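Number of protein chains: 4
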Amino acid sequence: MKQMDTKTLANYINGEWMEAEHTAPVINPATGEEIAKVPLSSEQHVEKAVQAAKKAQKEWALVPAPQRAEVLYRTGTLLREQKERLARLLTMENGKVLEEARGEVQEAIDMAFYMAGEGRRLFGQTTPSELKDKFAMSVRVPVGVIGIITPWNFPIAIASWKSFPAIVAGNAVVWKPATETPMMAYELTKILEEAGLPKGVMNLVFGSGSTVGDAMVHHPNIQVISFTGSNEIGRNIAAECGRQLKKVSLEMGGKNAVIVMDDADLELAADGIIWSAYGTSGQRCTACSRVIVHEKVKAELEARLLAKIKHLTVGNGLNEEVKVGPIINKRGIEKIKRYIEIGVEEGARLLTGGYELIEGDLKKGNYFAPTLFTDVKGTMRIAQEEIFGPVVSLIPVKSFQEAIEVNNCVEFGLSSSIFTQDVKKVFRAQRDLDTGIVYVNAGTTGAEIHLPFGGTKGTGNGHRDSGIQALDVFTEWRAVYVDYSGKLQRAQIDVE
Amino acid sequence: MKQMDTKTLANYINGEWMEAEHTAPVINPATGEEIAKVPLSSEQHVEKAVQAAKKAQKEWALVPAPQRAEVLYRTGTLLREQKERLARLLTMENGKVLEEARGEVQEAIDMAFYMAGEGRRLFGQTTPSELKDKFAMSVRVPVGVIGIITPWNFPIAIASWKSFPAIVAGNAVVWKPATETPMMAYELTKILEEAGLPKGVMNLVFGSGSTVGDAMVHHPNIQVISFTGSNEIGRNIAAECGRQLKKVSLEMGGKNAVIVMDDADLELAADGIIWSAYGTSGQRCTACSRVIVHEKVKAELEARLLAKIKHLTVGNGLNEEVKVGPIINKRGIEKIKRYIEIGVEEGARLLTGGYELIEGDLKKGNYFAPTLFTDVKGTMRIAQEEIFGPVVSLIPVKSFQEAIEVNNCVEFGLSSSIFTQDVKKVFRAQRDLDTGIVYVNAGTTGAEIHLPFGGTKGTGNGHRDSGIQALDVFTEWRAVYVDYSGKLQRAQIDVE
Amino acid sequence: MKQMDTKTLANYINGEWMEAEHTAPVINPATGEEIAKVPLSSEQHVEKAVQAAKKAQKEWALVPAPQRAEVLYRTGTLLREQKERLARLLTMENGKVLEEARGEVQEAIDMAFYMAGEGRRLFGQTTPSELKDKFAMSVRVPVGVIGIITPWNFPIAIASWKSFPAIVAGNAVVWKPATETPMMAYELTKILEEAGLPKGVMNLVFGSGSTVGDAMVHHPNIQVISFTGSNEIGRNIAAECGRQLKKVSLEMGGKNAVIVMDDADLELAADGIIWSAYGTSGQRCTACSRVIVHEKVKAELEARLLAKIKHLTVGNGLNEEVKVGPIINKRGIEKIKRYIEIGVEEGARLLTGGYELIEGDLKKGNYFAPTLFTDVKGTMRIAQEEIFGPVVSLIPVKSFQEAIEVNNCVEFGLSSSIFTQDVKKVFRAQRDLDTGIVYVNAGTTGAEIHLPFGGTKGTGNGHRDSGIQALDVFTEWRAVYVDYSGKLQRAQIDVE
Amino acid sequence: MKQMDTKTLANYINGEWMEAEHTAPVINPATGEEIAKVPLSSEQHVEKAVQAAKKAQKEWALVPAPQRAEVLYRTGTLLREQKERLARLLTMENGKVLEEARGEVQEAIDMAFYMAGEGRRLFGQTTPSELKDKFAMSVRVPVGVIGIITPWNFPIAIASWKSFPAIVAGNAVVWKPATETPMMAYELTKILEEAGLPKGVMNLVFGSGSTVGDAMVHHPNIQVISFTGSNEIGRNIAAECGRQLKKVSLEMGGKNAVIVMDDADLELAADGIIWSAYGTSGQRCTACSRVIVHEKVKAELEARLLAKIKHLTVGNGLNEEVKVGPIINKRGIEKIKRYIEIGVEEGARLLTGGYELIEGDLKKGNYFAPTLFTDVKGTMRIAQEEIFGPVVSLIPVKSFQEAIEVNNCVEFGLSSSIFTQDVKKVFRAQRDLDTGIVYVNAGTTGAEIHLPFGGTKGTGNGHRDSGIQALDVFTEWRAVYVDYSGKLQRAQIDVE
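Residue numbers (our numbering), protein chains in the order written: chain A, 8 to 503; chain B, 8 to 503; chain C, 8 to 503; chain D, 8 to 503.
If you're looking for bench data, these hints aren't it; they were derived computationally from the structure.
As the structure is a computational prediction, the values presented were derived from the model and not from experiment.
The beta carbon of each residue, even a glycine, is placed where N, CA and C say it ideally should be.
Be careful, since some hints might not be right.
[Said to hold, decoys possible] Label-pair restraints from in silico Cβ distances:
#1 E274(D) / K62(A): 28 to 36 Å
#2 G493(A) / G203(B): 42 to 50 Å
#3 L69(A) / E274(D): 18 to 26 Å
#4 E66(D) / L69(A): 43 to 51 Å
#5 E418(C) / K90(B): 53 to 61 Å
#6 G493(A) / K317(D): 29 to 37 Å
#7 K65(D) / E88(A): 28 to 36 Å
The shape of chain A in the complex, shown without the other chains (with noise of 0.2 Å):
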């Protein structure tokens, strides 16, 4: 990957791409080489940004939705070309092992198509209506500029969610992703461009938060937000476009638990805790971070994930073997070792891990050890907050209907995940379990594109990423009426 050392990155503004007047370094997190620089905008990208995307907005609704889907399906064949190259440098911006970041960008590719497909669909529905001689339907109606904020973590897939069923609805879009990984953004958007779509329908933007992000949230001219990221900036957001009765979309933090039945496959339950606890490093907004085991297999359990965690190679995601990858800073370290600590004092059993690791070649990235607490209450900050790192705690429970109450007791309401052989369980599991996505058997991670992704209570605002359900904050509902009686009817009034 020679050619991308040090690439300066630009911004790309009504189809021009624009180098900006500062820069900073993107950080290869597996070995602290800096891989690019990233443009730090001001708030006339955004300005400019914007007037590009309200004039192109204009002409792109107007194309037919069958025509603007074209451009997606191309996207979604330059994507699978370039799968590979794509994966590799997803993997230096952001740490995952190569693995999960070709999974990460068969995500976008699925996406490219799954919305391109609403380009002869985008459902309204006619419906009779009750007076005679009049005719009733509704139709979907772009927006107008969506404000697009992506985090580090999944920084192709996230934006290919939120873009994908904004463009193909007929907005345009201002997109602003995270500094830490900018590479992806740069590549998608090149592809975008290659696909053909019109200057000023996607423009991006780089730069921090509180310039950039900022900036856009305050824009009349911008009609939506979608946001994934802290729930702490998710919330200022919401807040700011509510004062501005702008539409917002959120996607937020997640303190995601594995309920282990006693009659659970321990195996099987074992191997889906470690991919969804310790893949990506445990950086995944539905990462399992606690594990709600019945007691009578706590120790088998425990024993199992013990073994398994040994075998871990953690390491720079480049390499095959490499299962668990660096940790994206080390702000991002600092982070987990305080709730190291806090596990620690509140009287939770440390059973491996707990630490940063800096042999060799590790002290150049940002490594944190697979770490598995135990005799964790539901109660403590360390099975209550979000800790974004490769922890997990045990929290041993006496029966089902104590796991289903230690599972909601949180403020999060992403996703959830049961292991047990029990039909009975499984229903009510699906029914009691109170995030917007369960799993049976499976881990807390791994969702389709084509269902609804996203999350209750403290997650999200009740918008979903993801499936149809995704168009519902990109578009509005017209209903439209049609009197053809030649005189006044009155709903509700003139009806017999």
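Knowing the structure of chain A, use the given hints to seat chains B, C and D on it.
Relative to chain A, chains B, C and D alone:
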């Protein structure tokens, strides 16, 4: 209606009717008479109501939805049986003429049956997983406790739009109706009780926005606020809800236009304008307050409107001959008067009306003469701001394209209408008019309950009342995946 | 029920009740008493009915669907008010026990409200055109005159499944009920009349299949035949309808199995089998007539079934203690007897029952002892052919896979059921059991009205009763394209 | 296209290309040259194909639908890459002009991507049960082996409408294309093979309807017949399928009218008529063969049509200037000639055309002059029967109402069109024209692939090709109920 004189209304909390310490008089706007006393509740009432709702909701969510729906079917039946009585009460507290009051009660009846029909629908989706031996689906689940804040202008219809879908979906409700029109809230709650709604599922708390409304918006155990009212208050609610990551649905102001093209059936257009502009004395969010008229037919349209206005009897809505009832209160009158002055200052030409009516018995109530300005420019304040009274601004335009632009140049986006014979203009209009509702050859009012109701831009935040879309803010999507392969399968990765 | 004794029923054609020249006695299968006389109509009656329907349908289609639905809401309300009376009449003509008769009437009530809900739905789709300035949508339109032919075993429920969706969608109906159970048809038609259905929309013609049914199937002005009954007759109807290019919906036989796995809750399984096998004396198309049991639990299941069968009181269904009522007529008894002989000859082991009950008062009616064969092979005739009586064949199997295969090896595909605790088996079963309905941990009966009802393979021809899918055969899709570009635009060609 | 000369085509059965003993020549209708040899297969080929399909289908159904869809995405991509080559081949075997041939290939491309999009949709429904602790849903399941019989006039488009939804839904296919146009079938099958469709999922058997078609219709292991072709054959197929309780979807003839009202844009109407009447030489099921014209504009419309007809170059469709290609074969020519005679005898006035074209090179092919009758009565045979050639009958009418009646007075119900400026007439027309497709201000052809395609009355039997409605005949609904209460619960009975 002797027996209702100065009846003291009560809150309904956890299935009990409880009077409050403080009350305010409810005044019939047509006569100035006190017709009831409405409780002015405190934060403690809200607290009790929320706790009751929280508790009741857990049980209610477990009642099968088809059985929850039975309560709404009974509600619809009871409303129908009492339609005439309710309509008269509604006229007394709100002022709208009897015919419209009957229409409004009918709307609640229709909504009861419609939402009851969701008991056996509430459709989610089954859809194939991308992995073998894996099952995927989405289900709608209730959100929890819904805070409903409703205005005085449709005291029972809007309440039905919000509470019926909330209830059938398995939520509990805390409802603050406008203090001007508490009797409809009282009656509807009585009927829900009689229909067998379990205690705590609907809780009615009368009082001011600053005390009761505020406490609801801030209460951590209310998960959704569904609000219809002014933009200013909606803005504050949305900001606060944003801060708390609370879901919020807003329906606010409109500045709705009827477009009259040069090929229009002018008699029909005039009828449509009269009905949608002066019905309910213009106090509808969808009321026509602008007429965008092609210059070729401007003179004739003015003449027809003036002729029709002359025949509009203004007075007490209980009198069947009356076509235009009172304004809700003196503050309303004052606001309208101010806008008359503003219009005149801006150079609009007053064709008729423009003054309060105070002759004879009218002086006891709050009446304003149906008012028509002409030669208005689209940018004038009277063509931009919501007046909420029987005041219409005629704006002449030279072309279809200009008409669309003038329609779209306001901050609101609720309703619009076009009168034309030309099918091409009809289909362009339904595409280009940027409101949430578009009427063709009908005025700006008269939505049917089974289509989505709500507006774009400053009118709302993307949610819709009525229609099946109303379910969106009262439910969360839950994606459920069941892996029955017995092994770890990873989406996007273990495909093929 | 004195007043019903030997009541002479009449046809209902074009809103008039008309007696026929010839009649046949209606016999209470529990007592052998004549309880009514049913008209044996001629082709002329059918002709009149079709002409009335054809004429009425044109007007009915123009009544707004929400207003058509009001008739069904009233029908549902009237059915509910008369539920107990109707249930008793149903027991008298059909024999099913009172509890089941009430359930059946409830089904018609539920269907009335459910299909009434379609009045404000009947959703078609709006969807973007691939060309600029072109609009596209689909709407559901009525087909015309529907011929409905219903069986005696669910005389009011099946009638409601077919007629209510047909009516709400804007069709007119000619209905030939089974001559064995005309009273439910008479009562339902009376109620539709009372509910305000315009004359000619529902036309009731009693009589034989060979005369009335045949005339309907051949009539060129009947556009759809919706038939529930035997495979032999269904086959002939479908052939004739095919020849005429008439739409036809068939629901026919079943040979439904309950699968009991070795991990099943055997008490629950036994309850489920007893209810679905011996309820309605096995005269349900979804009745369980096969039990596919894992050999490990075969003995215990047999023991539990025998114990429960012992407590099944057989007799007149009006007696609340009775659990199993009579067989519809002597022909039914004879058919069952033949199959008992066949089973014995094939080597099946008769565990209990196998004979007609003729002690005391039972001899006046048509009663057959609840019968259980065991050691049945899946290929035996008693395990392949529909007996339509209280006869169950236990088929032992060695594995889940074998159970699925045995279930699927019959020519029918209506209903199946599995009892197991194992979530993996549950999800495999719902995927692999090749019937139109699959139950888990419940018997083979008990469909709910809002889900599609019907079977695969020899049970039907792809259509479904109940659920919104019921609308499919009673409506045609109309695709509507409006080109408002003012120029010739060719799809697929003038794109891009 | 040298290499295609007299190429001998092969069947494709179980993934192998197999030549047949007997063949027939494939003649280019534009030149009379033999361009290929098509197998004339026997019942044994059908038998092998069905057995292969039956076996393959079991595996294919277990491939996750999103992966099945990948085959269609690749198919779409390959079709696009080969669009020009395929279009030229299509013109050679079918005769339609190149521009239309490209459009037809585009239709198959569009359908590939559209139906691929169903891989992640194929939506069924989750819906609440009426009983506690019970879960209910519906899923779409494949039917099994589908027999597809396609005509020569849209050899690749219609094949794509039928095979792509069948395949994505998990069925296997046995396909008999028309012997006149086997090359498109050959090419499409090649592409499906190249796209990775597993062997046995698509089986191509060339041959006659009387041998191959008949064997398919009678084969007990084919569960569905999807047929497009003549009414006579469709009728026989439907009768036989009925006898066997086989599902059958029919798309047959049309007698499609363009209505031209007195306010129509006559130039546009004439363009629409020319395109939909003489395109493909009128050999489209949706071709306009009637023009119902308001008497006020009859003369002018005739003049415009005559002027345009004069400029229609007839000839070999490979020549880009040619607008009207040949008739498929001499039988077609003879049939058209007969109808010209009939028309003249009936008293219709021949304005232009009416004869075979045999000058110069044209005599080698089968050409017929674009023909226009006027003063036709709606009841004449030329206005009632399908001619399938470039013959149009002008029928003057006095009113909108009469136009609707004339449109509806034929036995077919495929497509209709109205030219008018008047929005009222537009909406009445879309309600009252009794065809499955209605166009406004466009001719009778030009359906888009994502809307339901098909007709009412004698045109079909209620099923639809294309659109998501196409899935209906290729899937069965399965209702699944899971009772997790642990006790016997009876729907309709144990409620409340």
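Verification of the hints:
1. Judged by the Cβ atoms, the range 28 to 36 Å given for E274(D) and K62(A) holds: they are separated by roughly 35 Å.
2. For the hinted restraint 42 to 50 Å between G493(A) and G203(B), the CB-CB distance of approximately 45 Å keeps it satisfied.
3. Roughly 24 Å separates the CB atoms of L69(A) and E274(D), a value that falls within the hinted 18 to 26 Å.
4. Between E66(D) and L69(A) the C-beta distance comes to about 46 Å, which sits within the given range of 43 to 51 Å.
5. Against the hinted window of 53 to 61 Å, the Cβ-Cβ separation of E418(C) and K90(B) comes to about 55 Å, which satisfies the hint.
6. Evaluation of the 29 to 37 Å hint for G493(A) and K317(D) yields a failure: the beta carbon distance comes to about 41 Å.
7. About 34 Å separates the C-beta atoms of K65(D) and E88(A), a value consistent with the hinted range of 28 to 36 Å.
When each numbered hint is compared with the structure, a violation occurs for hint 6 only.
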